[in-house]
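Number of protein chains: 2
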Amino acid sequence: MPNVLKASGQIEPFNEAKLRVSVQRAGIDPILVENVIIHIKSKLYENIPTKEIYKHILEFLQKSPYPFSHAKYGLKQSIMDLGPTGYPFEDYISEILKMEGYATQVRQILQGKCISHEIDIVVEKNKTRSMVECKFHNAPGTRSQVHVSLYTKARFDDIKEKNNLGEVWLVTNTKITPDALNYALCSNMKVISWDYPEKESFRDLIEKHKLYPVTTLTSLTQNQKQLLAEKHVVLARDICKNPASLDILGLPNDKKNSVFSECQFIYK
Amino acid sequence: MPNVLKASGQIEPFNEAKLRVSVQRAGIDPILVENVIIHIKSKLYENIPTKEIYKHILEFLQKSPYPFSHAKYGLKQSIMDLGPTGYPFEDYISEILKMEGYATQVRQILQGKCISHEIDIVVEKNKTRSMVECKFHNAPGTRSQVHVSLYTKARFDDIKEKNNLGEVWLVTNTKITPDALNYALCSNMKVISWDYPEKESFRDLIEKHKLYPVTTLTSLTQNQKQLLAEKHVVLARDICKNPASLDILGLPNDKKNSVFSECQFIYK
Numbered sequence: 001m002p003n004v005l006k007a008s009g010q011i012e013p014f015n016e017a018k019l020r021v022s023v024q025r026a027g028i029d030p031i032l033v034e035n036v037i038i039h040i041k042s043k044l045y046e047n048i049p050t051k052e053i054y055k056h057i058l059e060f061l062q063k064s065p066y067p068f069s070h071a072k073y074g075l076k077q078s079i080m081d082l083g084p085t086g087y088p089f090e091d092y093i094s095e096i097l098k099m100e101g102y103a104t105q106v107r108q109i110l111q112g113k114c115i116s117h118e119i120d121i122v123v124e125k126n127k128t129r130s131m132v133e134c135k136f137h138n139a140p141g142t143r144s145q146v147h148v149s150l151y152t153k154a155r156f157d158d159i160k161e162k163n164n165l166g167e168v169w170l171v172t173n174t175k176i177t178p179d180a181l182n183y184a185l186c187s188n189m190k191v192i193s194w195d196y197p198e199k200e201s202f203r204d205l206i207e208k209h210k211l212y213p214v215t216t217l218t219s220l221t222q223n224q225k226q227l228l229a230e231k232h233v234v235l236a237r238d239i240c241k242n243p244a245s246l247d248i249l250g251l252p253n254d255k256k257n258s259v260f261s262e263c264q265f266i267y268k
Numbered sequence: 001m002p003n004v005l006k007a008s009g010q011i012e013p014f015n016e017a018k019l020r021v022s023v024q025r026a027g028i029d030p031i032l033v034e035n036v037i038i039h040i041k042s043k044l045y046e047n048i049p050t051k052e053i054y055k056h057i058l059e060f061l062q063k064s065p066y067p068f069s070h071a072k073y074g075l076k077q078s079i080m081d082l083g084p085t086g087y088p089f090e091d092y093i094s095e096i097l098k099m100e101g102y103a104t105q106v107r108q109i110l111q112g113k114c115i116s117h118e119i120d121i122v123v124e125k126n127k128t129r130s131m132v133e134c135k136f137h138n139a140p141g142t143r144s145q146v147h148v149s150l151y152t153k154a155r156f157d158d159i160k161e162k163n164n165l166g167e168v169w170l171v172t173n174t175k176i177t178p179d180a181l182n183y184a185l186c187s188n189m190k191v192i193s194w195d196y197p198e199k200e201s202f203r204d205l206i207e208k209h210k211l212y213p214v215t216t217l218t219s220l221t222q223n224q225k226q227l228l229a230e231k232h233v234v235l236a237r238d239i240c241k242n243p244a245s246l247d248i249l250g251l252p253n254d255k256k257n258s259v260f261s262e263c264q265f266i267y268k
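As given, the protein sequences belong to chains A and B, one line each in that order. Residue 1 is where the first sequence starts when you use this note's numbering, and the numbers rise one by one after that. Residue 1 is where the second sequence starts when you use this note's numbering, and the numbers rise one by one after that.
For reference, chain A alone in the conformation it holds in the complex (with noise of 0.2 Å):
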């Protein structure tokens, strides 16, 4: 079998059992997932990029008589079309914890021992509040780097007192180096980062809420997409539940009905 280029510039074996995991993700018909397989592998060469395997996946799936099942497999990439800011993540991670039973407030000023700091989620359960730093990256093999765990903790012993706060998490929507992990851990932040922790993970959460992004849509554009994240729709679910948030799109009737029908899918 050949090597794949990943995007982080490593190289390594083509692995069969890692496509299939990750196909299966997106919820499809068993003999389509052995379908997308043996179309990938007739497609590999020595050194294919794994965003041509992923480029070659979505076009299988598009072709095929499950049209939509594609917008649950391209959630890493849909999460990254949120961006470029970081604020409609931290209105999307703010969503998410909210299912968790969490009470939230996003970009809150709060002033600390030394300086006041805007604090990216404010979360609140159980009589205990906890600040939240969002990491958000929108470059594809990007990883969370030890620097980012090391200022979310001078950010949290600046506030934690004057402000009672009980925990700081770290959420990230890229893995996170080892020393990043570790530092984190040791100093009792909670880290959710895309595959960590096992079984809730930010990519656990994302399917066990239906939490998708409304950049998994592609019946929309990626600009229409993002004017969408900036007024804060940033959840599939949000045009479901009320299609007149696509209103400030300007679409004609018959193009929201196609927008409107792909989320009913997802959700269906």
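It cannot be assumed that every hint is accurate.
For identical chains, the list gives no copy identity; a pair is met inside one copy or between any two copies.
[As the list claims (entries may be wrong)] Below are the DSBU-like pairs computed for lysine-lysine, each with C-alpha atoms no more than 35 Å apart in a straight line:
hint	residue 1	residue 2
1	K113	K43
2	K160	K113
3	K199	K175
4	K113	K6
5	K113	K76
6	K125	K41
7	K160	K55
8	K160	K43
9	K256	K98
10	K6	K76
11	K162	K63
12	K43	K210
13	K113	K190
14	K175	K162
15	K175	K113
16	K76	K175
17	K6	K63
18	K190	K210
19	K76	K210
20	K127	K113
In case anyone wonders, no lab produced these hints; they're calculated from the structure.
Following the hints, put chain B in place on chain A, whose structure we already have.
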């Protein structure tokens, strides 16, 4: 008087007194200073970039009867030319701190409570050991942000006990934001930035010890300077003291002599 456009993007009125102070720093003949100012005033137009003013000054000084005086004038840019990586800057700061009476060790791995850290410089004087975080930027107009002060503090907190460290310093070649400075001072960090503290800023220390970086030498190309800096030849003085340090460049003799004589001019 027209406005000028600063590297940071800010616009402010042209200030003759500020220009005079800046040119006087080059330590050139007072008559020449006045000639530079007359020359620059003839070149002004609305929103002229400060970078262009700087270029006119360098050109004027190069054509003047004091051809080497511009080596001292372009100090800020010369420091940035130590990049793109931060290693030569660390070596350079280490040399300055030696002149201030410290024993120094660059790039030391120290074990903390949680993880191990690479510390840019560990310094010692009067039996007090301290860590120095060097923050190098090579884009004009950049300022060190509050994140830098925060992660430096958290890093210090992680290693101070196990390594018996007394102080933490943050040294940067740029200016520092008010938040970053206030947090650092409030957290008992020592800060040296381009213009802080008054009379003992980074710029002042360089001039006090005449520790001009090797990148001030206009008779070398940018590539040659970087090659020297990578080999830890970071001071113009090193070339005066030891002309053989130029050998790695494989220059012809006449070229070597002109670099050496420029160097001697700076230290005359």
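Review point. Broken hints, numbered, in rising order?
Key: Of the numbered hints, 1, 6, 7, 8, 11 do not hold.
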